[in-house]
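Let's have the full structure, built from the sequences with the hints guiding it.
One-letter residues, chain by chain:
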Amino acid sequence: MSSSSENIIIVKNLVKKFGSFVANDHLTFEVKKGEIFGFLGANGAGKTTAIKILCGLSYPTSGELSVAGFDIYSQREKVKRNIGYMSQRFSLYDDLTVFENIRFYGGIYGLRKKEIDSRSHALMQRLGFESARNKLIRDIPLGWKQKLAFSVAILHSPKIVFLDEPTGGVDPVTRRQFWDMIYETSHDGITVFVTTHYMDEAEYCDRVSIMVDGKIAALDTPDNLKLTFGAASMNDVFIKLARG
Amino acid sequence: MKRFRGFVIKEFYHIFRDYRTLLILFGMPAVQLMLFGYVLTNEIKDAKIAICDPSKDEVTRRISDKILSSGYFILEQNLNTVAEVDPVFRKGVVKLALIYEPGFAKKLEKTGKANIQIIADASDPNTANMLVNYASGIISNYLVTMNTEKVPLRIIPEVRMMYNAELKGVYMFVPGLMAMLLMLISALMTSLSITKEKELGTMELLLVSPLRPSQIIVGKVFPYVFLAFIDAVIILVLGRFIFGMPILGSISLLLLESFLFICMALSLGILISNITSSQQVAMMISLVALMLPTILLSGFIFPVENMPVIMQVLCHAMPPKYYITIIKSIMLQGNGIEYVWKETIILIGFTAVFLAISIKKFKRRLT
Amino acid sequence: MPVTSVNVQHLTKRFGETLALDDITFDAGKGELFGFIGPDGAGKTTLFRIMTTLLLPDAGICKVEGYDVVKDYRKIRSICGYMPGKFSLYHDLTVEENLNFFATIFGTTIRENYDLVKEIYQQIEPFKDRKAGKLSGGMKQKLALSCAMIHKPEILFLDEPTTGVDAVSRLEFWEMLKRLKRSGITILVSTPYMDEAGLCDRVALMQNGRIMTINTPRNIIRNYPLSLLSVKAGDIYRLLGDLRKYPDVHSVYPFGQSAHVAFHGPDIEKESLEKFLNKKNHDVVEIMQVEATIEDCFMELMKTPGEVINH
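Chains as they are written, first to last, in the numbering used here: chain C, 813 to 1056; chain W, 7 to 373; chain A, 17 to 327.
Just to be clear, a hint being listed does not mean it is correct.
[Unchecked claim] No farther apart than 30 Å at their CA atoms in a straight line, the calculated lysine-lysine pairs in the BS3-like style are these:
| # | chain 1 | residue 1 | chain 2 | residue 2 |
| --- | --- | --- | --- | --- |
| 1 | W | K54 | W | K8 |
| 2 | W | K202 | A | K91 |
| 3 | C | K947 | C | K890 |
| 4 | A | K168 | A | K134 |
| 5 | A | K261 | C | K957 |
| 6 | C | K1038 | A | K168 |
| 7 | A | K168 | C | K947 |
[Stated by the list, open to error] Computed far set for chain C versus chain A, every beta-carbon distance over 10 Å:
| # | residue |
| --- | --- |
| 8 | F830 |
| 9 | D837 |
| 10 | K845 |
| 11 | N855 |
| 12 | E876 |
| 13 | Q887 |
| 14 | L908 |
| 15 | L923 |
| 16 | L939 |
| 17 | E942 |
| 18 | S943 |
| 19 | L948 |
| 20 | D983 |
| 21 | L1039 |
| 22 | I1051 |
[Unchecked claim] If you want a taste of the chain W side facing chain A, the calculated C-beta under 10 Å gives, among others:
| # | residue |
| --- | --- |
| 23 | A111 |
| 24 | L206 |
| 25 | T208 |
| 26 | R218 |
By construction, these hints were calculated from the structure, which means they are not laboratory data. Glycine residues also receive a C-beta, built at the ideal position from the N, C-alpha and C atoms.
Rendered as structure tokens:
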């Protein structure tokens, strides 16, 4: 865990309503700089809604939110500049090459050509992708795609990276290599905000929040959660909480 | 039968729960009819004409009277020589000029034929087209009354326009529109509804069920036969009562031929959905490969006779052309099946071929 | 195995250059709950589509309840229930309309086979007038299973029914499968979640179009060739790096908050490892010998592409 206790995400009484349906019901939590924060919940518990708000993609109904030191209402563009986002569904363009994808995302975040070149070079070297530089994304294995998508999401050195089910469907070895990358990122001071359906992955997180019916039902370190709920694994914690 | 009924009920649920489909199904015919109706039938009244009549005999006078009393034309100027036509047109007031050949009546009596030149200002081609159409119509009418007496006489209106369109009736658009809309609804809608199942993945479940391919196809298509037929009736009713489109022939024959055309379009839709797997592609194919040829190559807007030979050949491969010919014949000329059996057989042929290919190509498995 | 329900021999399928299925051979017994476990791209969906007669194999034999998937595909289609990987029901139809539709096309009615789906369907019946597209992930799954069951199939093919579904719904789903199994129906299920292996009678671990091993989950774990230590320390990131430097270590993988360290041979020197880590300034919380999980086995098998052992 990071030694710094600076809060990079501050959420106070976040409420989001769709008509009469309350998707997020008074969420309050903080995420520290460099922390790996697990954001869990059952399908339909309101995770996606909350992440969209944190990324500046939709406005909350009410509540105070600060992300990467910026106000989510008035400084939306600054928030977006300082976060990275990767989801299983949308990440890379299948019909562009590895390098074209990197250049495209670098361009979006306003990196200069030189920066893009040097960073993509470093990135491909670190991943061992040099040989695949000019290959189309659709021709590289799934595991590579996911690692590349993650690297692209942090290409512009954001303060926070949001990962929405980043490891769905990959083999266990690649999944672990992926988590190695997450650890490294967190070590470099980037906050990692991650959702997953793999409960063992929840245990990799520094702290975990579990949402049930639009509310945060529990938030603590995995160890403490297991202790509190008298459970052997995070899976049991989750099931105890979500089943009510 | 029970399976089939269940299938059809499900299709109707899909249709009635998607307001966009409903809008296309029932909104479009009305909107299109209005659009085409008002764009194509800007009624002509009191168009200014010039007449050059060097012979000034009884026949030319009678023809001129007929034309001027029709309500469509007003005499602006009498011309002495053909050379005056150009300057008159340039002023922009006169839209049409009639030029009789010298010694008109005499020539008509002697040789049985005489020439009238009809010159139109084609800077507005649609209007020019219509004016010429009206004028030559009136002249032919006059001929008919003359012909009752003795040997058939012929007055040959010699039409000269910079614009090469064939002379067409105002009622042309209703048959054309029917062909276009029935094609669109039947082919586009069925190909969309089948590819939607492929996209959703439900086609996998249907294939794994004991339903036969033909059952799946007929089940998917059946509701659209019904809906397209309703559309055909809507267009006919609107055309009849808003635009005064005559229906001289048998209504049941008209509906029967429409039904045949719908079946043809549906089998084409099935064929499209067999070769595509996404709604987007199906839409593109339906619009580009079906709609444009229906509009451009069926004789709906541009007359087939004036196209280059290759295009004419292509036109004959367009099913809507035959349908338009059939319904024009039935509606405007009041003809019965004895006049349109050839076209009908060609449509049946198209349907059979498309259907046969579709059923043969329908995949019992994925890919 | 008493009676075979599915018999697959040397099944091969290519898509262009990719070998989606590479010489697959297995038998699933009648009434067995048989799992195919592997990541995306392992060939699970292709295999399921061949077994449900949706795809033709390039080579090999595949028989379902004695019927050949190529010749007798119509027969198979009337006796199997299938739940494709993607949620494949009509979003614009209600729960009840969906179930009703699938009952009708199989020539039956909800009432006739209500007993079969009762247990599952009852859980979503309160929402029977809701459009299927508006259901939550867990409910969609239950509806899809009900639709696959409504015609009383002899064999069920469930392709990744629990993917993208939360842990609670997954648990409930497996509880349903266990109850279904009691009625004697054969169930073939695929999943990318390794922890679900333990819930099957037998599993095939798949990777890159091949079956790496087939066995009961218990035996797969028993056959794990290495000794395994679970190590826990304050800074897991640094711990993993240092463990990889330890001599004689075969592999190091993070598992939850601890690291699984595999060694060759049965003799494990916990003490010397602890000393090694202490020297590197780790506040070692615990080191203990543990039994392998299916995931450990899977990762080990991925490393050694050896012969398939069929038990």
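> If you take the shortest Cβ to Cβ gap from W:A111 to chain A, is it below 10 Å?
Replying inline: At about 74 Å, which exceeds the 10 Å cut-off, the nearest Cβ of chain A leaves the hint on W:A111 violated.
>> Confirm or reject: C:E942 is not an interface residue toward chain A, with every Cβ-Cβ distance exceeding 10 Å.
In response: holds (23 Å)
>> Please check whether the beta-carbon of C:Q887 is more than 10 Å away from every beta-carbon in chain A.
In response: Consistent with the label, C:Q887 stays out of reach of chain A, its closest Cβ about 32 Å off (over 10 Å).
> Non-interface claim for C:I1051: all C-beta distances to chain A beyond 10 Å?
Replying inline: violated (5 Å)
> Any Cβ of chain A at or closer than 10 Å to C:F830, or is the non-interface label fine?
Replying inline: holds (12 Å)
> With d taken as the least Cβ-Cβ distance between C:N855 and chain A, does d exceed 10 Å?
Replying inline: violated (4 Å)
> Against chain A, with CB atoms and a cut of 10 Å, does the hint on W:R218 hold up?
Replying inline: holds (8 Å)
> Holds or violated: are the alpha carbons of A:K261 and C:K957 at most 30 Å from each other?
Replying inline: holds (28 Å)
> Minimum Cβ distance from W:L206 to chain A below 10 Å?
Replying inline: Result: holds, 6 Å to nearest chain A Cβ.
> Hey, C:K947 versus C:K890, does the alpha-carbon distance stay inside 30 Å?
Replying inline: violated (33 Å)
> Is the straight-line distance between the alpha-carbon of A:K168 and that of A:K134 30 Å or less?
Replying inline: holds (12 Å)
> Closest CB-CB distance from C:L923 to chain A, is it above 10 Å?
Replying inline: holds (27 Å)
Violation of the numbered hints given earlier is confined to hints 1, 3, 6, 7, 11, 20, 22, 23; the remaining hints are satisfied by the structure.
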